[in-house]
Every structure is written in C-alpha cells, then in structure tokens.
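*Asks:* Each chain, written out:
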Amino acid sequence: MNLIQVIKLAVAGIRANKMRSILTMLGVIIGVAAVIVLVSLAQGATKSVTGSIQGLGSNLVTISMRNTPITLTYNEVMEWKNRPGIRGIAPVISGNVTVKYGNKKYDTGLEGTNSEYEQVRNTHVQEGRFIMPIDLSFRQKVVLLGTEVSRQLFAQGSPIGETIKINGINFKVVGLLVEKGAAAFGSNDDKVVIPLTTAERVMNSKGVRSVYIQAATPGDVDTVVAQLDNYLYRKTKNTDVYRVSNQVEMLSTVNQVTGMLTLMLGGIAGISLFVGGIGIMNIMLVTVTERTREIGIRKAIGAKRRDILRQFLIEAVVVSGIGGIIGILVGALVSRIIGSLMAVEISMSLKVVGMAFGFAVLVGIVFGMYPANKAAKLNPIEALRFE
Amino acid sequence: MIELVNICKYYQTGPVTIKALDGVGMNIKNGEMVAIIGPSGSGKSTLMNMLGCLDVPTDGQYFLDSKEVSKLDEDDLADIRNKKLGFVFQSFNLLARLTALENVELPLIYQGMGAVERRERAAKALELVGLSDRLEHTPTELSGGQQQRVAIARALAGDPPVILADEPTGNLDSRSGLEIMEILKGLHRDGKTVILITHDLQIAGQAGRVIRMHDGRIVHDGEVA
Ligand SMILES: Nc1ncnc2c1ncn2[C@@H]1O[C@H](COP(=O)(O)OP(=O)(O)OP(=O)(O)O)[C@@H](O)[C@H]1O
Ligand SMILES: [Mg+2]
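First to last, the protein sequences are chains P and L. For the first sequence, our numbering assigns the number 1 to the initial residue and increments by one for each residue that follows. For the second sequence, our numbering assigns the number 1 to the initial residue and increments by one for each residue that follows.
To be clear, the hints were calculated from the coordinates, so they are not data collected in a lab. Don't take each hint at face value.
With a straight-line cut-off of 27 Å between C-alpha atoms, the simulated DSSO-like cross-links for lysine-lysine are [to be verified]:
1) L:84 with P:377
2) P:104 with P:81
3) P:374 with L:83
4) L:19 with P:377
5) L:67 with P:377
6) L:124 with P:8
7) P:165 with P:104
8) P:8 with L:83
9) P:377 with L:71
10) P:105 with P:8
11) L:71 with P:374
12) P:377 with L:83
13) P:141 with P:235
All of these numbers come straight from a predicted model, not from anything done at the bench.
Full structure from sequences and hints, please.
*Replies:* If you want it as structure tokens, here you go:
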C-alpha cells in the first residue's frame, strides 16, 4: 500500500469526522502556536536588549566610581590614550538639570563630555554639529539635544541656533542627536549633552566619575579592562569603589538570562504540545476501537501487521501535521498582533518554525504508535466479530 | 489441494472446554465445489476460518498445496489470504467509506500492484459479477445482493484458486441468493475451488459434494446429504 494512498485515506478519515478531528488538532494547534509565540517573543526581547547594548558603542568598556571622594581628572583620563588597545576615551560628568525655552520647562539628564563621545558611544547628530575640542578649551556654552528634549521644547520645529537655559544659564543649541529609540535602561533620547569643562561649572563639580572607553578591537577589550582595573586599584586601594565593566560581559549575561527565558517559555509551550499529543492518542484509541471491524476486514483480505500499523500511524501524523501547519499560521498571526499591540520586537525564526512543526509531527508519531500498534496486533477473527 | 489432518479447535471458557472442532480430517481437490452444512454451533464457521487461514488450530495439521499452513507465522498467513484465498462473508464486510471499485481494489493494494493495473483488474472483477455500472457507488447505495456481488468481486480480484463463502446467501432474499449461487457456480465452472457454508439444503444440493458437521465432527461427506 503506497504512501500517497494512505495519506489520502487518512485525510478522508479526518474529513469524515470533521468536528472530532478539529478538536483533536486543537491541542496541537494551541501547542505549536504557543511555542512559536512565546519563543518569538523571547527571541525578540533578546534581540532588542542585545541591540541596545551594542547601540551603546562597540568594544565599549565602562568605568564608574561610587562612594568615594577620589575622582579622576580629565587630563589623567585622557593620558590613557597612550596605552595600547585604546582607541577612544569619553569621560562623562552627569546630573539632572532643568532646561527652559521661552515658557517651556523640562527636567532631563545632562552629560558633559568631549568630542570622542560621538564615536565611543556611537551617538551622532542628525542636524547641526557635535561637540568639538575647542568647545572644551573655551568652556563654550553649547548644547546638543536628545530628540525627546527637543520635542518637549520645540515640538516639531528645529532647535538648531536657538538659545535655551540650563539651570538658568544660557546655552546655544548646536546639534540634535539621532533618535536611539526605547532602550533597555531608560531612554537614550531624554538628555542633553554639553562640553565637559562647561558641565563642571553647571554641575558645580570637579572630577570625573565615569568614563567610556573604546577598545580598538574586541580582542583588546580584556587587556584594556585589566589595565584600567589595575590603575584604579593602585589609585583607590579599594575594589568596592570602582567598577570596570565591559559590553561583552554584559552581552553574555543578557544572553544567559534570555536563553533561560527562551528555554522556559519554550518548555511551557512544549508541555501544551505534549498535552495535545495525549489528545491525539486518546482519539486514535477511540478510532481504533470504532474501526476494529475494518481492521478485521483488511486483515482478512491480506493486510499485514505493518500495513495496519502504517495506516494508523500515518493518520495520527497527518492529524498532528495539519495541526502543526495551522498552529504555525496561528502562531505567526498572534505574534504579529502581540508585537504591534505591545510595541515589542518579535523575532520569528525559520528554525523555531521548523522545530515546532517537527515537534508536532514527532508528537503524532510518539502518541500514534501505541494505538496503531494496538490496531496492528488485533486478531482477525475477533476483529471481524466485533460489532 | 487442501488437506486437513485431525484438526481440533478448543475454546476454554471458565471451567468448560468447548470443542468447536474435534478431529476434523478431509481432502479437497483443486476445482471442487463443496457445501458444508450442519446445525447451528456445529463448528462450520470455525472450520471455515481455519481453511481461510484466519484462525490457527489447537491441534492437527493443515496443508495447502502440500505446504503446512498450520506452521506459518502471521505475515505468511496474511500473504496466503491475500494471494491464494478469497473470502465471502454472510454480512458482506465491505468498507463503508470506500466505493465498490475501491473495495475491490483493496486486496490488490496489499499485493503492491500499481494503480493502473489495479483499477483495470478491479473493474474487470466487478464486470464479472454484473456491476459495471456501479463502480463509484458506496455500499450504502447498493442493495444487499449487489453488496454481496461486490464482496465476491473483491474475493476474485486477486485471482485466487480458492473461494471460501460463509453463508453467502444468509442475509439475502431468495432471488438475490440464487444470483449469488449462479455466480459461485460460474466460478466453479471456471476451475476455481469453491467451498461454501449454507443452511439451505437446496443450495447445498447444487454443489458436487456435501460435508455435514455435527458437534465439531464431520458426520457425512459425499455427493448429497
Ligand atoms: N471465540 C470463541 N470462544 C468460545 N467459544 C467459541 C468461540 N467461537 C466459537 N465458539 C463455539 O464454537 C462452536 C462452533 O461455532 P461456529 O461459529 O463454528 O458454529 P457454526 O456451525 O458456524 O454455527 P452457525 O450455523 O450458527 O453459524 C460454538 O459452540 C461456539 O459457541
Ligand atoms: Mg457460522
């Protein structure tokens, strides 16, 4: 008995019992759809977190100092430039300020830095210019606006060339930053950037507590971290007051967490697929009982065990396979709806789709095996006598 | 050539042993037409199932074309049922979801025959029983007599040398019964071995040889009862 025929027969059987088949498939449909939706969500989250970490700048090493009166000076930090493996250094003084334009007031974050910040933090202007070395030398009162700040003060209009007040001091807007979008850790667009030397005045603080450093290559990251760690330890003699962290480390932590998340969500969805499999087994057992006489007839005219086994196994696989296909469609649709409703990133990979479908078929085989085997082992005369 | 030697079939129900067949021996030559008669419960169907390789004896030997069938395994028996024997049942036993043609094709499918040849052979078998115009009908769209003719066509399709029929006319009115008997007699004339069970002595009389059973034994074997 060839395969196409058995499949045709199986499809005819499914058609003959439409309602029952749909209900049986429902378990698989929900299972496969759940796998796809949950895994797509988890992978989407992974992708957006990874993206925003990488958006911070490439080969980034971050230094931050806390709970200590010791700070770094600008010149001290910039001397690290001579060390091997360091491409860029952007010290940052940060704080919270109130910005004002006309009668519009807005509270936002301020970062005082130098021109290298553009490359190190991968932060560019969409309009105007970035901070230049000369701005630091002359403590220029110039400012770059994040898109959120610009929106608050200027609505849709261009802020370039306007004068705003930061904590009461007049600043000229020279640039508008590129929108970075929602980030994993607060918005990158809700801030203003000014020259570091100017910021020392505005914030009334001397000394740098955080520095962004760009290693020349990914391979240099570790040595840069080691050098700076060493430097800071010699300076502070206390490992608790400073931190040298790098992006690769952060990424791997994130990947670990999201990998767990994916696995857990996938596992939960897998359980529903498993339950769907039990549904298939249940219905196949009923089907085998109902069709005992048919099995007897087939055996009487020469069907071997394997013919019967194959027939029922293929029926189970066709049910789970069709359920799998419908589940993929439903899953894709639901993922898309959730993605647009909740404005989260959805990443539906072919691998996940393939895996979910393969798993559905496997469920059909595993849970179809017992009923099919039961059918194949029926005694022909007893089967024929069955009413 | 069928040879039974001291075939026994016992059923154990609780403490009671039922001897459905109790030492049956017989020879049936190729091309014979044999009627098996006897009271209800005398073991006719049990014997027929044995001949049809659907059941295995508790004791004794069964030779089909000098091959000892009673020693074969399930798959080999399935093969014999498929190629050497054609079974016709009292209750037709057609598959309700399939058309007449598809029902007749079934044994050929299990032979592994290609679709084109299979269709041709099945259509020919249905033509032989006078149902050329009912190929696409399902069993529920056919009369009892027509259903039994489809069943005979199915038994014939694989061109087996032996046709076994357990009360083939039992569920039919007398006119349809006569038609079925005419077909079976035709098969006998074409050289097939035909073995049938019946309660109707008149039908039994149409066979060349009559075997009468009683309590699991053969009590008469000869020309007419
Ligand atoms: N599976 C079984 N278990 C127990 N006893 C059985 C079984 N099958 C048949 N028998 C017994 O074997 C005996 C012969 O049964 P069989 O069906 O061969 O009779 P029969 O001659 O065909 O009867 P009928 O003319 O009514 O069809 C009966 O007594 C029956 O009860
Ligand atoms: Mg009987």
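*Asks:* Now look at each hint and say whether the structure bears it out.
*Replies:* Structure-based check of each hint:
1. L:84 with P:377: Answer holds: residue 84 (chain L) to residue 377 (chain P) is near 23 Å, not above 27 Å.
2. P:104 with P:81: Not satisfied, since the Cα-Cα distance of roughly 41 Å exceeds 27 Å.
3. P:374 with L:83: holds, 25 Å
4. L:19 with P:377: holds, 26 Å
5. L:67 with P:377: The given pair, whose Cα atoms are some 25 Å apart, holds under the 27 Å limit.
6. L:124 with P:8: holds, 24 Å
7. P:165 with P:104: Measuring from Cα to Cα gives roughly 10 Å; hence the hint holds.
8. P:8 with L:83: holds, 25 Å
9. P:377 with L:71: Answer holds: residue 377 (chain P) to residue 71 (chain L) is near 19 Å, not above 27 Å.
10. P:105 with P:8: Violated, because 72 Å separates the two Cα atoms, which is more than 27 Å.
11. L:71 with P:374: holds, 24 Å
12. P:377 with L:83: Holds, because 21 Å separates the two Cα atoms, which is no more than 27 Å.
13. P:141 with P:235: violated, 32 Å
In the structure shown, a violation is registered for the earlier hints numbered 2, 10 and 13, in ascending order.
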